[in-house]
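S.K.: Residues per chain are reported as follows:
Protein chains: 2
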Amino acid sequence: MELWYTEKQNDNLKLSCRVTKTLHVEKTPFQSMAVLETPGFGRALILDGIVQTTVWDEYIYHEMIAHVPLNTHPSPKKVLIIGGGDGGTAREVVRHPMVQAAVMVEIDERVVAASRAFLPELSSGLDDPKLDLRFEDGIKHVEACENEYDVIIIDSTDPVGPAVGLFSGGFYRKVHKALKEDGLFAAQTESPLFDLNFIARINDDVGAVFPIVRQYLACVPSYPGGLWSFTMGSKKFDPVLTPPASVPELPYRYYNKSIHLAAFMLPQFMQDFLGRG
Amino acid sequence: MELWYTEKQNDNLKLSCRVTKTLHVEKTPFQSMAVLETPGFGRALILDGIVQTTVWDEYIYHEMIAHVPLNTHPSPKKVLIIGGGDGGTAREVVRHPMVQAAVMVEIDERVVAASRAFLPELSSGLDDPKLDLRFEDGIKHVEACENEYDVIIIDSTDPVGPAVGLFSGGFYRKVHKALKEDGLFAAQTESPLFDLNFIARINDDVGAVFPIVRQYLACVPSYPGGLWSFTMGSKKFDPVLTPPASVPELPYRYYNKSIHLAAFMLPQFMQDFLGRG
Numbered sequence: 001m002e003l004w005y006t007e008k009q010n011d012n013l014k015l016s017c018r019v020t021k022t023l024h025v026e027k028t029p030f031q032s033m034a035v036l037e038t039p040g041f042g043r044a045l046i047l048d049g050i051v052q053t054t055v056w057d058e059y060i061y062h063e064m065i066a067h068v069p070l071n072t073h074p075s076p077k078k079v080l081i082i083g084g085g086d087g088g089t090a091r092e093v094v095r096h097p098m099v100q101a102a103v104m105v106e107i108d109e110r111v112v113a114a115s116r117a118f119l120p121e122l123s124s125g126l127d128d129p130k131l132d133l134r135f136e137d138g139i140k141h142v143e144a145c146e147n148e149y150d151v152i153i154i155d156s157t158d159p160v161g162p163a164v165g166l167f168s169g170g171f172y173r174k175v176h177k178a179l180k181e182d183g184l185f186a187a188q189t190e191s192p193l194f195d196l197n198f199i200a201r202i203n204d205d206v207g208a209v210f211p212i213v214r215q216y217l218a219c220v221p222s223y224p225g226g227l228w229s230f231t232m233g234s235k236k237f238d239p240v241l242t243p244p245a246s247v248p249e250l251p252y253r254y255y256n257k258s259i260h261l262a263a264f265m266l267p268q269f270m271q272d273f274l275g276r277g
Numbered sequence: 001m002e003l004w005y006t007e008k009q010n011d012n013l014k015l016s017c018r019v020t021k022t023l024h025v026e027k028t029p030f031q032s033m034a035v036l037e038t039p040g041f042g043r044a045l046i047l048d049g050i051v052q053t054t055v056w057d058e059y060i061y062h063e064m065i066a067h068v069p070l071n072t073h074p075s076p077k078k079v080l081i082i083g084g085g086d087g088g089t090a091r092e093v094v095r096h097p098m099v100q101a102a103v104m105v106e107i108d109e110r111v112v113a114a115s116r117a118f119l120p121e122l123s124s125g126l127d128d129p130k131l132d133l134r135f136e137d138g139i140k141h142v143e144a145c146e147n148e149y150d151v152i153i154i155d156s157t158d159p160v161g162p163a164v165g166l167f168s169g170g171f172y173r174k175v176h177k178a179l180k181e182d183g184l185f186a187a188q189t190e191s192p193l194f195d196l197n198f199i200a201r202i203n204d205d206v207g208a209v210f211p212i213v214r215q216y217l218a219c220v221p222s223y224p225g226g227l228w229s230f231t232m233g234s235k236k237f238d239p240v241l242t243p244p245a246s247v248p249e250l251p252y253r254y255y256n257k258s259i260h261l262a263a264f265m266l267p268q269f270m271q272d273f274l275g276r277g
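Sequences listed follow chains P and C, in order.
Residue 37 in the numbering used here sits at position 37 of the first sequence, and the numbers go up by one each step.
Residue 115 in the numbering used here sits at position 115 of the second sequence, and the numbers go up by one each step.
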């Protein structure tokens with residue numbers, strides 16, 4: 001028997017990967033969840049029918065969402081992670097030598113439980129003594145903070161369902177308040193090829209609150225179209241004008257100092273659309 | 001009725017796109033060929049069951065395979081294109097203001113005929129007076145040349161079927177001979193995520209003939225995994241050490257001077273594998 005998982009990435013595009021085993025299926029209070037064993041991508045975490053991460057390519061997304069903001073800030077001592085229930089972002093944050101304390105706020109405790117059970121490569125950092133893991137609403141946590149974090153990383157699902165509020169102008173104002181006076185944040189912000197209007201809207205919303213707003217890119221094979229965007233809002237440090245002074249020696253698989261700079265070099269169609277042509 | 005084209009990109013991965021019409025199906029002397037109308041990707045050219053190009057994302061591949069080598073060479077007056085039957089690479093080459101003459105050698109006349117009939121966006125450059133279009137074996141053409149070209153672009157299908165010979169060490173020696181003393185070439189060289197051993201072999205084969213060998217990357221959504229590699233072999237100009245002095249003002253959609261530099265910044269896993277870590 002051949003078993004295939006097929007994700008309808010949009011109305012006109014489907015990605016299918018061979019499955020050897022369905023390891024876990026659950027309806028959590030927030031979303032439907034599955035963990036699949038695949039020969040091509042390793043284990044894959046699916047939320048509401050969308051691949052969140054696979055063991056095969058997760059390092060690209062997690063290194064880029066974590067180390068780009070961490071190394072843009074010269075002293076990322078206190079870090080907040082919103083979402084990221086699989087643990088991959090936390091794993092990258094806690095291994096950064098300058099990080100002294102990280103708070104991770106995940107709304108869905110069941111995602112963390114599934115990752116601990118089935119995705120040890122991702123969840124390995126969740127028990128690090130630097131990490132304070134809380135199961136609560138990221139928006140409420142941010143609302144209660146003022147001048148607290150050097151770096152905030154918003155590792156959310158797509159802007160549907162529980163994550164919608166994490167992509168609003170009102171939320172970015174709260175993030176601004178929760179950051180210290182030289183703080184910055186990064187968030188995953190969908191596909192430049194399929195969602196350029198969305199990225200432009202986020203660019204405007206972040207730009208209305210932060211003096212510096214930049215997009216950066218990486219190619220994540222398990223996401224629609226491969227090319228994926230992240231948006232950074234920063235109070236002081238411009239990643240394009242101030243390249244990372246020092247990048248700690250870590251066993252990166254995708255990220256490095258050159259990639260850090262290259263990721264901010266946008267294709268012409270993005271520059272034109274965002275009015276930077 | 002829903003009609004979908006499904007490409008088995010490897011044993012464990014399939015990409016499907018919705019099809020509204022099968023515009024053309026043909027068995028040429030060299031390969032099977034189809035042109036499909038798709039709502040997601042526009043018209044798509046399929047050779048031997050593999051998507052070669054789609055109107056929606058072709059600009060990424062064609063701008064990167066053409067303008068990166070053209071702008072690495074300070075004076076790309078005479079250019080050879082091997083393959084590229086859809087015409088997309090020729091379109092980019094002839095619009096470069098420094099190019100005085102381009103020869104395009106395509107083995108399969110039927111691909112050019114189909115592109116002229118169904119893909120005018122790609123084939124538009126094929127009638128340019130700068131272009132000398134020949135239907136013959138690219139390997140034989142290169143064998144007969146000595147000290148003739150400034151830039152050679154190898155725009156081939158995957159290394160199976162008619163294109164196998166275009167990925168051999170012997171062929172790179174012939175390319176070296178066909179180039180002028182400061183000439184350089186670029187070729188598409190498959191996926192770094194799925195074919196890293198292949199890229200390393202090409203790196204060694206090119207490095208055995210050319211003093212400078214570099215890989216560069218772009219994200220092409222219709223290719224497996226998105227991330228795609230190109231390899232450049234150069235006698236004199238190192239694209240990493242000598243950024244393009246001048247990039248002509250053209251209506252690029254993906255390429256620009258920043259992307260030119262960023263494309264050579266390789267992910268750590270590639271640097272490690274190629275011994276440049």
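One thing to keep in mind: the hints can contain errors.
To be verified - Calculated lysine-lysine pairs in the BS3-like style (CA-CA distance at most 27 Å, straight line):
1. P/Lys14 <-> C/Lys14
2. P/Lys21 <-> P/Lys8
3. C/Lys140 <-> C/Lys236
4. P/Lys140 <-> P/Lys27
5. C/Lys130 <-> P/Lys8
6. C/Lys8 <-> P/Lys8
7. P/Lys8 <-> C/Lys14
8. C/Lys14 <-> P/Lys21
9. P/Lys14 <-> C/Lys21
10. P/Lys77 <-> P/Lys8
11. P/Lys236 <-> P/Lys140
12. C/Lys27 <-> C/Lys14
13. P/Lys77 <-> P/Lys14
14. C/Lys130 <-> C/Lys236
15. P/Lys14 <-> C/Lys8
16. C/Lys77 <-> C/Lys140
17. C/Lys8 <-> P/Lys21
18. C/Lys27 <-> C/Lys180
19. P/Lys257 <-> P/Lys235
20. P/Lys257 <-> C/Lys257
21. C/Lys77 <-> C/Lys8
22. P/Lys177 <-> P/Lys130
23. P/Lys130 <-> P/Lys235
24. P/Lys78 <-> P/Lys180
It should be emphasised that the hints constitute simulated quantities derived from the structure, not laboratory data.
All values derive from a computational prediction rather than experimental measurement.
S.K.: All the hints need checking, so say for each whether the structure fits it.
M.R.: Hint by hint, here is what the structure shows:
{"no.": "1", "hint": "P/Lys14 <-> C/Lys14", "verdict": "holds, 8 Å"}
{"no.": "2", "hint": "P/Lys21 <-> P/Lys8", "verdict": "holds, 20 Å"}
{"no.": "3", "hint": "C/Lys140 <-> C/Lys236", "verdict": "holds, 25 Å"}
{"no.": "4", "hint": "P/Lys140 <-> P/Lys27", "verdict": "holds, 24 Å"}
{"no.": "5", "hint": "C/Lys130 <-> P/Lys8", "verdict": "violated, 44 Å"}
{"no.": "6", "hint": "C/Lys8 <-> P/Lys8", "verdict": "holds, 16 Å"}
{"no.": "7", "hint": "P/Lys8 <-> C/Lys14", "verdict": "holds, 12 Å"}
{"no.": "8", "hint": "C/Lys14 <-> P/Lys21", "verdict": "holds, 18 Å"}
{"no.": "9", "hint": "P/Lys14 <-> C/Lys21", "verdict": "holds, 18 Å"}
{"no.": "10", "hint": "P/Lys77 <-> P/Lys8", "verdict": "violated, 40 Å"}
{"no.": "11", "hint": "P/Lys236 <-> P/Lys140", "verdict": "holds, 25 Å"}
{"no.": "12", "hint": "C/Lys27 <-> C/Lys14", "verdict": "holds, 23 Å"}
{"no.": "13", "hint": "P/Lys77 <-> P/Lys14", "verdict": "violated, 41 Å"}
{"no.": "14", "hint": "C/Lys130 <-> C/Lys236", "verdict": "holds, 26 Å"}
{"no.": "15", "hint": "P/Lys14 <-> C/Lys8", "verdict": "holds, 12 Å"}
{"no.": "16", "hint": "C/Lys77 <-> C/Lys140", "verdict": "holds, 22 Å"}
{"no.": "17", "hint": "C/Lys8 <-> P/Lys21", "verdict": "holds, 20 Å"}
{"no.": "18", "hint": "C/Lys27 <-> C/Lys180", "verdict": "violated, 38 Å"}
{"no.": "19", "hint": "P/Lys257 <-> P/Lys235", "verdict": "holds, 22 Å"}
{"no.": "20", "hint": "P/Lys257 <-> C/Lys257", "verdict": "holds, 19 Å"}
{"no.": "21", "hint": "C/Lys77 <-> C/Lys8", "verdict": "violated, 40 Å"}
{"no.": "22", "hint": "P/Lys177 <-> P/Lys130", "verdict": "holds, 23 Å"}
{"no.": "23", "hint": "P/Lys130 <-> P/Lys235", "verdict": "holds, 25 Å"}
{"no.": "24", "hint": "P/Lys78 <-> P/Lys180", "verdict": "holds, 10 Å"}
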